[in-house]
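**Q** Residue numbers (the working numbering), protein chains in the order written: chain A, 36 to 375; chain B, 3 to 342; chain C, 7 to 292.
Accuracy of the hints is not assured; some may be wrong.
[Stated by the list, open to error] Far from chain C, some chain B residues (derived; all Cβ distances over 12 Å): (1) 29; (2) 72; (3) 136; (4) 191.
[As the list claims (entries may be wrong)] Cross-link-like lysine to aspartate or glutamate pairs, in silico, EDC-like; alpha carbons within 20 Å at most: (5) 247/C x 232/C; (6) 18/B x 314/B; (7) 247/C x 87/C; (8) 247/C x 274/C; (9) 146/C x 167/C; (10) 247/C x 198/B; (11) 18/B x 82/B; (12) 171/C x 292/B; (13) 292/A x 121/B; (14) 152/B x 198/B; (15) 292/A x 124/B; (16) 247/C x 263/C.
In case anyone wonders, no lab produced these hints; they're calculated from the structure.
Just so you know, even glycine gets a beta-carbon here, dropped at the ideal spot from N, CA and C.
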Amino acid sequence: MAVLTYALRRLAWTIPTLVGALVVIFFLTQAVPGNAALARVGLSVDPETIAAVKASMGLDQPVIVQFWMYVQNILQGDLGHSWKTGNAVTFDLAQRIPATIELALITLVITIPFAVTLGVIAATWAGSWIDKAIQTYALLGMGIPLFWLAMMSIFVFYFLLGWAPPPSGRIGILDIAPPYVTGLYTIDSLLAGNLQLFGSVVWRLMLPVICLTLVSAAPLVVMIYNVMGVQLRSDHIRAATAAGIPRGQVVGRFALKNIMIPVLTMTAHLTRLLLGGAILVETVFAWPGIARYAVESMQVADLAPLQAVVLIITAFTLAVNLIVDIAYFWIDPRVKVAAA
Amino acid sequence: MNMDATVETIPLVSVKELRASLGRDPEAPEILRGVSLDIGPGEILGLVGESGSGKTMTALSMLRLLPSAVEVTSGAVRFDGRDILDLKPGEMQKVRGGRIAMIFQDPIRHLNPVFTVGEQLEAVIRAHAPTRLGDAEVRRQAIDLLDQVKIVNPEARLGSYPHQFSGGMAQRVMIALALAGSPDLLLADEPTSALDVTVQAEILLLLRRIARERGMAILFISHNLGAVWQLCDRVCVMYAGQVVEDAPTDIIVRRPQHPYTRALVMALPRLGQVRTRLANIPGSMPPLSDLPGGCTFHPRCAFSHADCATTEPALRPVNSRHMARCRYAETIPPIDEATA
Amino acid sequence: MTSSEDIGPDGTQPIRPVLEVRGVTKVFRAGGSFGKAHLVTAVKDVSFDIMPGEAFGLIGESGSGKSTLGRLLLRLEQPTDGQIMFEGTDIAQLPQVQLRKLRAGMQMVFQDPFNALNPSMTVRRALAEPLRIQRKLSGKALQTEIDRLISLVGLSPSTQDRLPKEFSGGQRQRICLARALALEPRLIVLDEPTSALDVSVQAQIINLLVDLKQELNLTYIFISHDLSVIGQVCDRIAVMKRGELVEVTSRDQFIAEPATDYARSLRDAVPEIGRPLPSSLAEEAA
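Turn these sequences into a full structure, and let the hints guide you.
**A** Here you go:
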């Protein structure tokens, strides 16, 4: 099967990329100013203790050796220790990745259909008031800073109107997390049959997701509007209309599939951004995701979590790229021919 | 408009004084300036003219597929007792493909690149089926259509994508799509212009055969007088948005009564009749925004008189079944084959 | 086939062909990034001569290689194999430096007059450039020559400060012709020069080409898929099919009775007034 061979070939190319990423990550974090040992124990300590700490952290070895140790550890599943939280990084990540993934997934699932619908409607009724209204939204969505929108929405909907929950994270302070199955609280609470908790989780997701959607969808809407416009003026769509195919089918089936490639590209882009953790959203809403983890570690020069987060984000990115490439291959028959 | 005294056939389509402009502005240039022509049932009518003459626009107006920038300002397109320009969208969709179909120049661009030929055929078949059809029946009809246009191994071809076809085969597919709704009239806009000469001949033959077999009329738009002569029963010649001559094919190439037609025939290079010099039409077609007064052709006319610059000639009968837009049509000498 | 040792009118000097093409081949690599490239032979072992002052027509259907051959003859592409002797010098593998010196002798006119001209250059500049660079003209001599060239192709010198977009297709093609003539070439390759033009304009350009050939004693290689046009302009016709040269005959012979079946099928397929469609052809398409 052509798709499978293509997929395996692409997968094989991912490995050298990952290795390259490891090298860059490691050596970049080495360039972070500040003495990690000092940061751990503070300034008012005698040189011998500092030296001892350094040795224990392995910082007195040559850089290449340190890199090799780093790689070996990763292969054994050891991503290091966060001295700030005191936990193994893998432990911290296990708690935080689900938060980021949940936010990203739900945002994606809502944003893509939202953007496609708006873009297609605007293009199909180009020039009408609907078109103008959608374009106004798109302009605002691209112009308004995400963190401003987030803060304003908290201010208006929580502080002023009391409709939204306080920005305290994924669940209320007094709530207990559902039993761990996937790590996604929405699914886990449903699986546990705890509808009240489910409601609480969804309620807390609403503002972050809405803010993210409104801002992320805007450039997508513009892109889809443009590409769809080109399609609707294309020769083959004119021929399909001339053949008497109903308008709904012409737009919704025959034109739409032709824009799937650019839509896929932008979806991939958006996914990469969201999985990387929407730093601003996580900060404003106090969302316990990996982006916040990375920022907090950076502030105290806690290197291990930082390296780990960047590595995770790289892996996510490569995974997204791989899936998207295979999807291109599958969607557009001309790509199949070119690759054959 | 049919002046034959013996047989009065009601035309299938009757275009009456059609006028269209590039936009609503009264100052906008007119691209169709009172086009009138009839197509009889089962008749193969050639529509000849150079770029800018309005021949493609005339055809598009019959299907209400004019580009959005073009507005019909007056006139009618009578079909089946009604004016096509007055039809509601739902009724128009039934006409397209079902009563009047169209094939275009550059067939591969007019086929949807991300759908198989089978999928596109099926969509058109279903759109015109009087009742809901089962998958097997639709497939059978699709194969039958491909067979009618003489595509070898039609079953296998259903799964092919447009880019896998040669130009000639793609045109056959377009013809199959056009036939799916069993139309009474086929508008063929330069269907052979982008094809190799041997393929052109095959397509012309195919068109003639299906027209005869189905009693279907064809409006054959072309700048190639040779092809028009081979295929068409009658010819309309257009210049600057008007019909200037309307006559049976053999008469138009031997005894045209409009100076433009005459000049066009004499400017044609012919393999069977190589001359030392081709007859020239001085100048070029004037821009539609800046047309000369009186007869539009008079500045380039070898036979013009003084009043040609001031009085606009009407399209009038010069013979039974022969109309010309020239006040001195009867004085135009026939084409002498030896000295042409 | 013409012999390359034709004796001249005074019976003494043999006339050299302008172009001697021997075994020219062009192979393209249609590559895949994983080394699965496959080879496409666009032109295969083509040989012919072109005598000075003749109009040599090259016809073929799509994929015949005629356009590629046209580009090879002017060294716009490099042949994979074979020789191309232009006025005695083999230009097939000649390095760019020496090639540049010979370039003035051979020029090309392309199909699409809309794309062949720089849209931001006036006619005057478009003509001045080659005159300045190759013929080293300047000042009054330059201007006189520009005026002469413009008139030669049937345009008015008063239009020389206009941009290409202000001209019609036929006029632009005339400008391209003027530009090609600026370097006083001996050989002009015309690749579908009238295919994008209307019938009436085509007639004007064809007449112009024939006139110029007489006046300036030019040699043409005329590439086209339109056999009627080739028949009007050319003395000899070469038929190509899938990269190979199938037949070379005189124009009259081609019209009357071509030697090969393929050439005959091409001639018979030309839609012409006075030649009815055959009652049936091989209608099937594989």
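**Q** For every hint, state whether the structure bears it out.
**A** Okay, the hints, checked on the actual structure:
1. 29: 21 Å, holds
2. 72: The assertion about residue 72/B holds, with a minimum of 21 Å to chain C.
3. 136: 29 Å, holds
4. 191: Holds, since 16 Å exceeds 12 Å.
5. 247/C x 232/C: Distance ~15 Å between residue 247/C and residue 232/C Cα, so the pair holds.
6. 18/B x 314/B: Holds, at roughly 18 Å.
7. 247/C x 87/C: 19 Å, holds
8. 247/C x 274/C: 16 Å, holds
9. 146/C x 167/C: 16 Å, holds
10. 247/C x 198/B: This hinted pair holds, its Cα atoms lying about 12 Å apart.
11. 18/B x 82/B: Holds - the C-alpha atoms of residue 82/B and residue 18/B are around 14 Å apart, at most 20 Å.
12. 171/C x 292/B: Given pair residue 171/C, residue 292/B holds - Cα atoms ~17 Å apart, limit 20 Å.
13. 292/A x 121/B: 13 Å, holds
14. 152/B x 198/B: 18 Å, holds
15. 292/A x 124/B: 17 Å, holds
16. 247/C x 263/C: 18 Å, holds
Violated hints are absent here; each numbered hint is respected by the structure.
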